Every structure is written in C-alpha cells, then in structure tokens.
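Trainee: Using the sequences provided together with the hints, build the complete structure.
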Amino acid sequence: MMLTFPVNAALAAATLTLLWVADAEYGKHVAVRLLRSPAAACLLLGITVAWCIVGGLVPPQWASDGNIWQALGFGDFPSSWGFRLLVCILLLHLALVVIHRIRQYRWRRDAAFIMLHSGLWLALAAGSIGAADRVEGRAVVTEEAECNTMFLRDGRVLPLGYGMHITDFEVERSKTDGSIIQYTATIAVDSVEKHAISVNNPYGVRWDEDLYLTSFSASDTSGMLPAAVIMVVREPWKPVSQAGILLLAAGMLCYVFRTSSHRASPSTLS
Numbered sequence: 081m082m083l084t085f086p087v088n089a090a091l092a093a094a095t096l097t098l099l100w101v102a103d104a105e106y107g108k109h110v111a112v113r114l115l116r117s118p119a120a121a122c123l124l125l126g127i128t129v130a131w132c133i134v135g136g137l138v139p140p141q142w143a144s145d146g147n148i149w150q151a152l153g154f155g156d157f158p159s160s161w162g163f164r165l166l167v168c169i170l171l172l173h174l175a176l177v178v179i180h181r182i183r184q185y186r187w188r189r190d191a192a193f194i195m196l197h198s199g200l201w202l203a204l205a206a207g208s209i210g211a212a213d214r215v216e217g218r219a220v221v222t223e224e225a226e227c228n229t230m231f232l233r234d235g236r237v238l239p240l241g242y243g244m245h246i247t248d249f250e251v252e253r254s255k256t257d258g259s260i261i262q263y264t265a266t267i268a269v270d271s272v273e274k275h276a277i278s279v280n281n282p283y284g285v286r287w288d289e290d291l292y293l294t295s296f297s298a299s300d301t302s303g304m305l306p307a308a309v310i311m312v313v314r315e316p317w318k319p320v321s322q323a324g325i326l327l328l329a330a331g332m333l334c335y336v337f338r339t340s341s342h343r344a345s346p347s348t349l350s
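Residue numbers for the sequence shown follow the working numbering, beginning at 81 and rising by one.
Among the hints, erroneous ones may be present.
[What the hints assert, rightly or not] Think about it this way: if two alpha-carbon atoms lie no more than 16 angstroms apart in a straight line, the pair counts; the simulated EDC-like pairs of lysine to aspartate or glutamate are:
id: 1; residue 1: Lys274; residue 2: Glu315
id: 2; residue 1: Lys274; residue 2: Asp290
id: 3; residue 1: Lys318; residue 2: Glu216
id: 4; residue 1: Lys274; residue 2: Glu216
id: 5; residue 1: Lys274; residue 2: Asp248
id: 6; residue 1: Lys274; residue 2: Glu223
id: 7; residue 1: Lys318; residue 2: Asp213
id: 8; residue 1: Lys318; residue 2: Asp288
id: 9; residue 1: Lys274; residue 2: Glu250
id: 10; residue 1: Lys318; residue 2: Glu273
These are calculated hints, taken from the structure and not from any lab test. Note that the structure is a prediction, hence the values are computed from the model and not measured.
Mentor: Given below as structure tokens:
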C-alpha cells in the first residue's frame, strides 16, 4: 500500500534527516562510503536500465501465467516491488551524495554538482513518493448538461470543483481514405473560459490538474455535438518535479559554462 500526503512527505523528510545524521556521525564508515560511491551509482543505474529494458521487452502474456516473470512483477514493472526497491535505493544514494557535498560545500567546486543531483532527486521523488497522490479519472462532457464530476477506475465518483461543457467539436480527416487524423473539442469551463483540447494537446485547468481529450462518441441525428471523453489528471507533486527538472538543467548549464571557461582561460592555454 502506497502512502499519501502528508505521510509520504513526512517520511521523506525523516529519511533525509537520518541520512544527514548518518553522514555526520558515520561518514567515514565503509558502508556509508560505499553507498555514496561512484561505483554504487554506476551499479544502480546499470541495474535500473537493464530492468527497464527487460520490462519493456517481456510480452504481457509471459507475465500472466504465474511464472517467474509474474513473480518479479514484469506484468506491470513500473509498479513492481523490484523497480520500486531500485528507485528507493537510488533516492537514498542521491540524497547521501548531495548531503555529503553540502556538508563540505565549496561553491566553485560543488554548486553545479549539487544542483544536478538535487534536481535528479526531486524529479525521481516526485514520480515515486508522490505517485500515491496522483488521481486519474474520466469525465464525459456533452453540449447539454454541465459536467462537474469524474469517474475513477475503482468506480468512485469525485467532484471536479468546476463545471464544463462542449461548445464546439471538429474532426480532421485524411483526404485520401477519410480516416480520422485529429479531433478537437472546445470546452467551456464554468461557462466562462473556452479552451480547445485535442489529442496530445492538453489544457491545464489548474496548477496541478490537466485535461486530456481521449475519445468521443459519434454525433446523433438530432444535430447535437459529439460527447467528449476527457481524462482528468491531478498531480499535486508536479511543481516538485518541475523544480527538479529546472535544477537539473541549471546544473548541466553550470557544468558546460565551467568547462568552457576553463578551456578559454589563459592559464590552461599556456
């Protein structure tokens, strides 16, 4: 069972505190040094990449017959116990590495390193620790009645906190065979704002909530617009993931700038 907010956030904070104490008190111990070593990083990344490759190549029917593939969780490997364990150990490694550098911080040497590894940790933590807080539902939006609820996979019905209905619907077809290329629904939110949503072009109705157009029903003979099926995705940890990506990009830019400045400095050229 996955923990939700605020338990998962409190557990993450407690783990970071324990790692700080472990590095401060037992930083020279062989086990702590091994966990934060480059060899551990290479080993963890190699196993994770191999797990993802195998998980992507194993056919679903192989992992549905009670065999070894199913026991290892390759039927749905991103949520399997093995993959979660790997991500957990990788998060511990990254956190310990960052904590060790912060405790011995020298900005010219460590700024880019800390930004790069902290960004990677935040992005991984948002995707793993915050996965339990992610909500995904479906809403059927029509032209007539305003839709203000969504249906989850387990049958529960949750309120949206706003209403929406269709004001326009366009279907783009191929000129050669008439097959559907793209379809776009114009959605009015709370009967005020209108937004066009198409496949692979979602609309962010809130800072943590996005609307995706997944399918539609054919219009009937009454002239009504088709009903659109909207996937509603709530991700409270999305800002954490975005902050991690920004830190990761900033760290990479700092590395590039520092390398280029070293190459261009007179001391290195003489």
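Trainee: Which earlier hints can't be squared with this structure?
Mentor: 1, 4 and 10
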